[in-house]
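One-letter residues, chain by chain:
Protein chains: 2
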Amino acid sequence: MSKAKTLSDLQKLINAAEENGTIEARWEAVAAVDPQLVQQLTHPDFVPNSANVSLLASGTPVSPGAASGLLCLSAESVLAADERGDKTVLVCSETTPADEIGMRLTEGIITARGGISSHAAVVARGWGVPAVVGVSSLEIKNDHAIFGGMKINEGEPISLDGTSGEVFSGFKEVTASEKIPELEKLLDWADEIRGERIGVLANADTEKDLVAALAFGAEGIGLCRTEHMFLGDQLSLIQRFLNEDDSSTENVLEELEETQKSDFVELFRAAGSLPVTVRLLDAPLHEFVGSSQPDSEYNPMLGTRGVRLALLRHELYRMQARSITKAISDLVEEDREPSVLIMIPLVVERKELQIIRSWIEEEIRETAKITGLKDLPQIGTMIETPRAALSASEIAKEADFFSFGTNDLTQMVFGFSRDDIEKEVMDEYLKLNILPANPFKILDEEVVVPLIAAATRAARIAKPGIEVGVCGEHGGDPASIDLLVETGVDYVSCSPFRIPVTRLATAQSLIRQDKN
Amino acid sequence: MSKAKTLSDLQKLINAAEENGTIEARWEAVAAVDPQLVQQLTHPDFVPNSANVSLLASGTPVSPGAASGLLCLSAESVLAADERGDKTVLVCSETTPADEIGMRLTEGIITARGGISSHAAVVARGWGVPAVVGVSSLEIKNDHAIFGGMKINEGEPISLDGTSGEVFSGFKEVTASEKIPELEKLLDWADEIRGERIGVLANADTEKDLVAALAFGAEGIGLCRTEHMFLGDQLSLIQRFLNEDDSSTENVLEELEETQKSDFVELFRAAGSLPVTVRLLDAPLHEFVGSSQPDSEYNPMLGTRGVRLALLRHELYRMQARSITKAISDLVEEDREPSVLIMIPLVVERKELQIIRSWIEEEIRETAKITGLKDLPQIGTMIETPRAALSASEIAKEADFFSFGTNDLTQMVFGFSRDDIEKEVMDEYLKLNILPANPFKILDEEVVVPLIAAATRAARIAKPGIEVGVCGEHGGDPASIDLLVETGVDYVSCSPFRIPVTRLATAQSLIRQDKN
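Residue numbers (the numbering used here), protein chains in the order written: chain U, 1 to 516; chain B, 1 to 516.
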């Protein structure tokens, strides 16, 4: 049977299964839908013939959907426009992690450089922001952009189609994303098949992300990164903390603790009683102190990140543990039932987790004593270094749960820095058929997947019933999901806009697995 | 029995064993010597009361032995002094890979910054160059150095003791390194015990290295890095090659091939019929094109290195294969019997090795057809990425031999960039007892050693009799050797100045292993 690839295919399929009325027919319908169709149907499109705009340029379509807004040449001007309530499109040469706050708020992204795996592409796909990259005719000037001779000033309207790669001058009306009944039905059936066998959670850092994720059917948060809580207004605080002694930074820590607590309260309240897995700070040092500093690192990906920074600056994770505990306590006071888990990044060794855990538990206990909190959050670990995966049975003894970070794990198992290898080398690996696929897109079936399976098994022997999940881009990729379902993980977590396709893909994998 | 820690202890021990005359007595003598004593006895010392010099400063002693020479403030001025026949001491703030040619030629190294694991320390120990680092009172000026207020001009004499960490003004006479008969006897007995069970080879890149290694008892070269063949006069050639298309670089390649051939002829001739394992180019791109280039990498350690560069620039390894084959052919013409092996760095996947191997074999066969060479070199691979170690049984099918690169393997298994982690984080890991030792000094017993053992076993099942060795700093560390002997590797390879201690340490490990 060929897969349903269009909305009308889908409608026929769903109607036929409903007429048939059996459970088997539903299963067959779920199995018969191309996951790409779900991707397509969950992104906005232009209203047909909406306006008389002209085609400006074409580039590589890297994040599907249509978008229209005022041209902004920097993340800062996106922020300013957003404060005024204007919709924007970010147009720049390329993006960096420093632009992420702006990228989150814009309707669409257009870059002159980059390809399917550049920073702009990966971030935009993650957040469901339509994007076109590698627009070679685009030149960025001080206060305007030029598309092959055609000048558009900052603040003038521009539109893009992240599915076709086209860029237009002027506004084009975008369809309001409305629910398609047949798609909703399909995903409900997929959830029935999935049942309790495997969870679908979201990578969501803010209340806004979470609301989007819940609308798409997420069952909670598998990864809440806390990096954004140290950026923006808080950046100067964390910089002061990192540049001074622990002793002189009490006020800084109090301020950070207070603002993080408010962020957590907002997020936990929106989550209700659904699980929220908070990853403590994991940012390469240079993103805070600047890479031009004398202490900048040669290989920041293998440097002072995650738990390593926390071991050097003991107060950092303690502060985060206090603010999380206080936020939970506030919500319990409101008679809510938050379900919060704390996760430690970049662990390599059991004793490391044991020490950090003891510090965090101490803060949680002492804070809970004051607030009267009874149910304390679980503490788990990311498994993202080869050493952690290879000593899973030891590390499991200190962890309430595991979450595989497949991006870093792939990076270190191969010795591939994503930023560097995808520039040129990966193309050659694919062209020469050395690898069947880019392992950052589809999990490496030969080594990384067996490593995850072995670590999962080892952890469950050491600690029966330990919860094991996967967070990372792979959790939203149908081919990777198929491999992950086989390893027996308890849940996958992916970015909000990938939740629908992940709900379908997990159900399809389970159907295939049951048949074998 | 307490270990022999001084020359007089050693002399008594050897004399007693000789008087006893039994094999058991020899074994006991070998087991009873502290490896540190061998380290100490194989490095030069000051002649007692040799001159009336004054103590200038103290720093961290990182490479044992005494040295005296004219103060040079840069690697370039070391080279210039060396051409004039002058002995030098390099004095600088810190060293980088670009200084290595100068570091090789100097008598001793003094740096203001750095510690036991800084670049200067690691390189100096490897080459047996006495060194003192972290001399905090040292200031480097344009044409002079200041040691706590005391000015020494470039070209004035200076001395250092890499065992005590002291720095002196003026010349101090250094003992000629002469053979100590009891030490020679001890190492001969150690070799008897070792027999054919485990080989001790040298990491040696040049004829000069090899001569030193052979004098210390090396049985061949386990790692000849070819990076130096692309530096110095050849740097502009490789830069031209990397910046241009393959098509326009024929002349560049011919020139590189010719100069590399001469280097190889010299090295292979000096090696006689002992094995020489040549590793094809493995340098991070930025060392050739410069890190200020727009294409500089974020994490060069995980970037376009080794076989990856060779996959992008197909002619690179082909050129090296031709020059090696021609060099072998020349020596066969001279009725010599060179034993050369070719080694591919940074492999992650069987198909990658298969492709590169086919390119190299093609060049070897075609060159051999012209020169009439019959015995073609074996082709093996480094195992230094976790993925290679975890797919050893697959990769073994394409490899004539394995050589574990324990430095990179440790780096990627932990996700530790040596340059970054040893600055601050490692101290904290050791202070908090998270790790029992720095895994770059003593191999990680819990994960890296079992990984090597498992990969060795898997490779031997896939290809019975496959030769498996280890090259890297760990091959010269007694505690690591003890762990490596247990994994069943066929040889260890270490820097020339560590050969004596490695001969002793391997024998001691075998004695312990036989007892258990």
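Calculated from the structure, these hints are not laboratory results. Possibly wrong hints are sitting among the right ones.
[What the hints assert, rightly or not] Derived DSBU-like pairs: lysine-lysine, alpha-carbon spacing no greater than 30 Å straight-line:
| hint | chain 1 | residue 1 | chain 2 | residue 2 |
| --- | --- | --- | --- | --- |
| 1 | U | Lys-463 | B | Lys-431 |
| 2 | U | Lys-369 | U | Lys-351 |
| 3 | U | Lys-441 | B | Lys-431 |
[As the list claims (entries may be wrong)] Listed next, with one range per pair, are the computed distances between beta-carbon atoms:
| hint | chain 1 | residue 1 | chain 2 | residue 2 | range |
| --- | --- | --- | --- | --- | --- |
| 4 | U | Gln-354 | B | Ile-101 | 21 to 31 Å |
| 5 | B | Asp-375 | U | Leu-432 | 23 to 33 Å |
| 6 | U | Gln-354 | B | Glu-94 | 29 to 39 Å |
| 7 | U | Asn-516 | B | Glu-254 | 53 to 63 Å |
[Unchecked claim] Cβ-to-Cβ under 7 Å is the rule here; a few derived chain U residues that face chain B:
| hint | residue |
| --- | --- |
| 8 | Asp-263 |
| 9 | Pro-386 |
| 10 | Ser-393 |
Every residue gets a Cβ at the ideal spot worked out from N, C-alpha and C, and that includes glycine.
Violations among the numbered hints, reported as their numbers in ascending order: 3, 4, 8, 10
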